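Q: Take a look at the letters that make up each chain.
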Amino acid sequence: MAITSPASPRRSGRRHPLATAALLIVGLLATGGAYALATSTATAETTAHTAEMVEEGGKLFAANCASCHGILADGTAAGPSLIGVGALAVDFQVGTGRMPMAASGPQAEVKPVQFSQEQIDAMGAWVAELAPGPAIPAERYFAGDGDVANGAELFRINCAMCHNVAGAGGALTEGKYAPGLANIDPIHVYGAMVTGPQNMPVFSDMNLTPEEKNDVISYLRYIDENPSVGGFDLGSLGPVSEGLFIWIFGLGGLVAVTVWLTAKSN
Amino acid sequence: MADIHDDRDEAVAPSTEVATVDDHSAAAPATAVVRADRIPNPGFPPHRPRVTDLDPKKEKQAERTISALFLLSIVGSVLAVVAYFAFPIDQANPGSVRLNNLFLGLGITLALLGVGIGAVHWSKALMHSHEEVEMRHPTRGSDESRTKAVEIFSQANKESGFTRRSLVRNTLIGAVAVTPIPAVVMFRDLAGDDDPVALLKQTMWDEGVRLCRDPSGTPIRAADVTIGSAFHVIPEGLAELEYHRIEEKAKAAVLLMRLPVDELNEDPAKADWSYDGIVAYSKICTHVGCPVALYEQQTHHLLCPCHQSQFDVANHCEVIFGPAARPLPQLPITVDDEGFLVARSDFRDPVGPTFWEINR
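Residue numbers (our numbering), protein chains in the order written: chain A, 1 to 266; chain B, 1001 to 1360.
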């Protein structure tokens, strides 16, 4: 721990003047860390992977992924190479249930997650050992406590054209689509931006800094937590759902009133 | 309009003649075509008295219902005013609009529907209930009025001399024809002293202008653009523009993408327009000018969300689907000595929708 290193060997004793401060800081860090672990559903682990995890991950990979990605993870006709994709890509793809794929198709669908978080981390550790790639970031970069207004502007510029300005998702070409972004685990939003899964472009840290990514996540969290100002948003799909609603209920209401107007009274 | 009893016999009687009900003008029975399968006029259904006609208690009840509806309308009006003040809109909290609008709307709805439904119920349940026929009248004017109209026109022509005084008439036509000219001049002056065609053909991009991130305006290094990336780009200096920032952005917006070099299928003549797989294209669709930015990094397709035009980034953004008629213009780029991406020149083709003088 960096905090205790300034103490010089010459003055180190049982009652060093900085000992109280160091103890206090260690205590605070421990409480904060425990709190962070208790409140987070995703791992905020940035430390090196243990050899045990890597070995376990290798076994899981060989059993579950190698048929498409190759036993050396260098890709086959059925699946891309995973060399250099990093632990973050594994966390996104497996952690959202997209991988392993149930069937080939235009796009890997979200489905129930097939592995425990420990197993996902182990596979991530194994993939990260192959070549350097994006790792799981520190938790403050996806805590969702950033600048909502800035995040909204960045979202409108970089994300809204595919994912819809309210994050409702939208269609792409040939059966592909940009998924809706309501109530997504922040680490998966972060992972998608960094790794560019499937047809999503990459938004590396040189394009959107980690702080800006946190702002985007904060915006998504804001729209998750705050109801639509305009009342029922009808899926936020714009004229499609709103037009359908007014066509059925608006015109339907008019027809009902017309029938009542012309019907004879009892 | 309502000929209550005059035409009644004609409408009610199951007539055998086609012409009777629907043609008043001239058709004599002898010339009408009698169809064998025509449906006879069923006439009115038998008159059926309403419950309010028969039962004074029901009548009283309907009266009470109607006045209750009108009272409900009054309550709605009051509710709307109360709601307006009870749920104030807090500037700092956009969510406060919800309750305000909901109860204000409910109040006004009750106020208007109460009056409307009450009035209709009144007429249906309590007002007279005898059946009436309103005959449809022919729309052709009588011969007298038609002759009269022609007379009026020729008299006006004679009195004003519209055909005789050709100088007056022609100057009037000329004056009316000239009135749109101020509008034409003002629209033309939107471009000021510049040639509008030239303005449409040029953007802020020029040799050495750095490619910057939208919206921050920070320059982009070639090394920042990892494979599969998409950057939304504005020209250097746009973020600081004081005037016409939106107009300039509308022409100069660029999407920057990096493809694996071996997947890029470049025209040898344009090979030096990209840098190590980094390509820059106008974000303004050549169909009607929507921003095209739905980039699929595996297929390298760009989709326009407005009319589903698709462009193939790997093949100089040629159109592969949809109504766009020409490829997205490519911005030739290179790298300056500090490693930042810069434009080699302005777009070589005009950005945005095609216009008449595009080839001038």
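These are computed hints drawn from the structure, not numbers from a lab. Warning: the hint list may mix true and false statements.
[Stated by the list, open to error] Listed next, the in silico DMTMM-like pairs over lysine to aspartate or glutamate satisfying Cα-Cα at most 20 angstroms (straight line): (1) B:K1249 to B:E1266; (2) A:K111 to A:D185; (3) A:K264 to B:E1247; (4) A:K176 to A:E109; (5) B:K1201 to B:E1151; (6) B:K1270 to B:D1312; (7) A:K264 to B:E1159; (8) A:K264 to B:E1059; (9) B:K1124 to B:D1189; (10) B:K1249 to B:D1194; (11) B:K1148 to B:E1131; (12) B:K1249 to B:D1262; (13) A:K264 to B:D1336; (14) B:K1249 to A:E153; (15) A:K264 to B:E1131; (16) A:K59 to A:D74; (17) B:K1201 to B:E1247; (18) B:K1124 to B:D1214; (19) A:K264 to B:E1236; (20) B:K1201 to B:D1055; (21) B:K1270 to B:D1214; (22) A:K59 to A:E109; (23) B:K1249 to B:D1272; (24) B:K1124 to B:E1059; (25) A:K176 to B:D1312; (26) B:K1249 to B:D1312; (27) A:K264 to B:E1134.
As the structure is a computational prediction, the values presented were derived from the model and not from experiment.
Q: Each hint needs a verdict: does it hold in this structure or not?
A: Evaluated hints:
{"no.": "1", "hint": "B:K1249 to B:E1266", "verdict": "27 angstroms, violated"}
{"no.": "2", "hint": "A:K111 to A:D185", "verdict": "14 angstroms, holds"}
{"no.": "3", "hint": "A:K264 to B:E1247", "verdict": "61 angstroms, violated"}
{"no.": "4", "hint": "A:K176 to A:E109", "verdict": "10 angstroms, holds"}
{"no.": "5", "hint": "B:K1201 to B:E1151", "verdict": "59 angstroms, violated"}
{"no.": "6", "hint": "B:K1270 to B:D1312", "verdict": "16 angstroms, holds"}
{"no.": "7", "hint": "A:K264 to B:E1159", "verdict": "57 angstroms, violated"}
{"no.": "8", "hint": "A:K264 to B:E1059", "verdict": "16 angstroms, holds"}
{"no.": "9", "hint": "B:K1124 to B:D1189", "verdict": "62 angstroms, violated"}
{"no.": "10", "hint": "B:K1249 to B:D1194", "verdict": "19 angstroms, holds"}
{"no.": "11", "hint": "B:K1148 to B:E1131", "verdict": "38 angstroms, violated"}
{"no.": "12", "hint": "B:K1249 to B:D1262", "verdict": "32 angstroms, violated"}
{"no.": "13", "hint": "A:K264 to B:D1336", "verdict": "83 angstroms, violated"}
{"no.": "14", "hint": "B:K1249 to A:E153", "verdict": "16 angstroms, holds"}
{"no.": "15", "hint": "A:K264 to B:E1131", "verdict": "11 angstroms, holds"}
{"no.": "16", "hint": "A:K59 to A:D74", "verdict": "16 angstroms, holds"}
{"no.": "17", "hint": "B:K1201 to B:E1247", "verdict": "13 angstroms, holds"}
{"no.": "18", "hint": "B:K1124 to B:D1214", "verdict": "64 angstroms, violated"}
{"no.": "19", "hint": "A:K264 to B:E1236", "verdict": "73 angstroms, violated"}
{"no.": "20", "hint": "B:K1201 to B:D1055", "verdict": "82 angstroms, violated"}
{"no.": "21", "hint": "B:K1270 to B:D1214", "verdict": "26 angstroms, violated"}
{"no.": "22", "hint": "A:K59 to A:E109", "verdict": "25 angstroms, violated"}
{"no.": "23", "hint": "B:K1249 to B:D1272", "verdict": "25 angstroms, violated"}
{"no.": "24", "hint": "B:K1124 to B:E1059", "verdict": "12 angstroms, holds"}
{"no.": "25", "hint": "A:K176 to B:D1312", "verdict": "16 angstroms, holds"}
{"no.": "26", "hint": "B:K1249 to B:D1312", "verdict": "23 angstroms, violated"}
{"no.": "27", "hint": "A:K264 to B:E1134", "verdict": "18 angstroms, holds"}
In this structure, the hints that do not hold are numbers 1, 3, 5, 7, 9, 11, 12, 13, 18, 19, 20, 21, 22, 23 and 26, in rising order.
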